[in-house]
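*Asks:* Chain by chain, the residues run as shown.
Protein chains: 4
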Amino acid sequence: MTNLTLEDARRVIAAAEAKATEIGQPMNIAVVDSGGNLVAHVRQDGAWIGSVNISINKAWTSKAFDISTKDLGDNSQPNQQFFGIQNTNGGKVAIFAGGIPLSRDGVVVGAVGVSGGSGEQDHSVAEAGVAGF
Amino acid sequence: MTNLTLEDARRVIAAAEAKATEIGQPMNIAVVDSGGNLVAHVRQDGAWIGSVNISINKAWTSKAFDISTKDLGDNSQPNQQFFGIQNTNGGKVAIFAGGIPLSRDGVVVGAVGVSGGSGEQDHSVAEAGVAGF
Amino acid sequence: MTNLTLEDARRVIAAAEAKATEIGQPMNIAVVDSGGNLVAHVRQDGAWIGSVNISINKAWTSKAFDISTKDLGDNSQPNQQFFGIQNTNGGKVAIFAGGIPLSRDGVVVGAVGVSGGSGEQDHSVAEAGVAGF
Amino acid sequence: MTNLTLEDARRVIAAAEAKATEIGQPMNIAVVDSGGNLVAHVRQDGAWIGSVNISINKAWTSKAFDISTKDLGDNSQPNQQFFGIQNTNGGKVAIFAGGIPLSRDGVVVGAVGVSGGSGEQDHSVAEAGVAGF
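Residue numbers (the numbering used here), protein chains in the order written: chain D, 1 to 133; chain W, 1 to 133; chain R, 1 to 133; chain B, 1 to 133.
These are calculated hints, taken from the structure and not from any lab test. Some hints here could point you the wrong way.
Pairs count within a copy or across copies, as identical chains cannot be separated in the list.
With a straight-line cut-off of 25 Å between C-alpha atoms, the simulated DMTMM-like cross-links for lysine to aspartate or glutamate are [unchecked claim]:
| no. | residue 1 | residue 2 |
| --- | --- | --- |
| 1 | K92 | D71 |
| 2 | K92 | E127 |
| 3 | K92 | D105 |
| 4 | K92 | D66 |
I would like the entire structure built from these sequences, with the hints used as guidance.
*Replies:* Written as structure tokens, this is what we have:
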């Protein structure tokens, strides 16, 4: 299986939602497949509407470059090797924490993207999603 | 309640999914709230990737104009009163069947958008979603 | 194999190029994979520069909806069920002949898109590409 | 000859591919002509899908300003003379390493763009492409 299913995505989202509820911060959570295309998205009640787009783009970015958006962000600051990458791909590249690849047998088959809180919160909720995968 | 919740959206999506499975056509299903902002989206396994955007835009359009995209489409053909509306709003206006408003006590509080089959199929799956609301 | 490789794409392009040369019309030829992402593109010497984008979008569209752009176009004329689809997906939907899905064992694993001549020429060169797959 | 041909582009791409294979990092490689228009692109198996756009834009940028994207990047950091250039031209300007002009008899007739690894890797693969020209 070199891709993921809607059932996989729902399992990831459920785990991420549980974590968001635990820390008391409503989130947008998105999952994309191996081609970077959206499989599922939820916005928890009270989560920021500006984060719909961000959660989807974080998931896309993590799959598009097979890297967490946190790590990509470290490389995309001024004077770093990828500074400017945030202006490519028609504005779909997110360079702050909250997107993490989803791997099966060592192959990236999709990604989860979370947006709605601090960078640290977003990343920890995404990690919970990965653990649920 | 002048808005809808994630739980509402999931109930709508579940009903729409059941109908899509019944007719054997995998679908993208999206629900937006009273602000036109995405609450939840799913792409069933095997559904068209080009329909991710369309399902979301059908939902947005139905709420944006408080009308089904089927009816809006009838008014947006060449020589009709809204011809050209599909070029507005940054490309978010969908003018073909599959988007239907979600109302509570006579007030439109959101909308469902479905894409993945023929116009008739999309509309019938959206209707099933409305019935589930 | 639910996807296609660069070697597959090159075989498709070579067959399409041969046909374009045979009919004396230089073409842009593009191949996308199962996720709709570009695998390879060539513009033959003398082919229209405006067709770079079109060839890529025809390939994307054929995979995005698992249909030839010729057939999609028939359904997207005024008063047809998909009229307006050309305004979705950020302008990536091409609704005129030249894009055809690439299937393996009955599953669409990518698509070829051709642009540079008449609709009939584009479609016939795309067909040659499919035959080469 | 004030322009380059598809045959030229293929020679550049073949040389770049060989280098990418040698360093074990799959790449996206694109070549544009004197008008900045795409002549050919390949994505090696396993290369990042987010780098399709970047490779093409690096090539476009190098021709558009007759400079390597590495050098342009040095001038586009905060407080440098071209800071902000990455927001121009509809998002097509890439300001990180991997794009290099292709010259014939001292005249820039096109450019190669590479994306898929570190900035250093991308630049070295682009240099191999230039050497193959």
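*Asks:* Does the structure break any of the earlier hints, and which numbers would those be?
*Replies:* Violated hint: only 3; rest satisfied.
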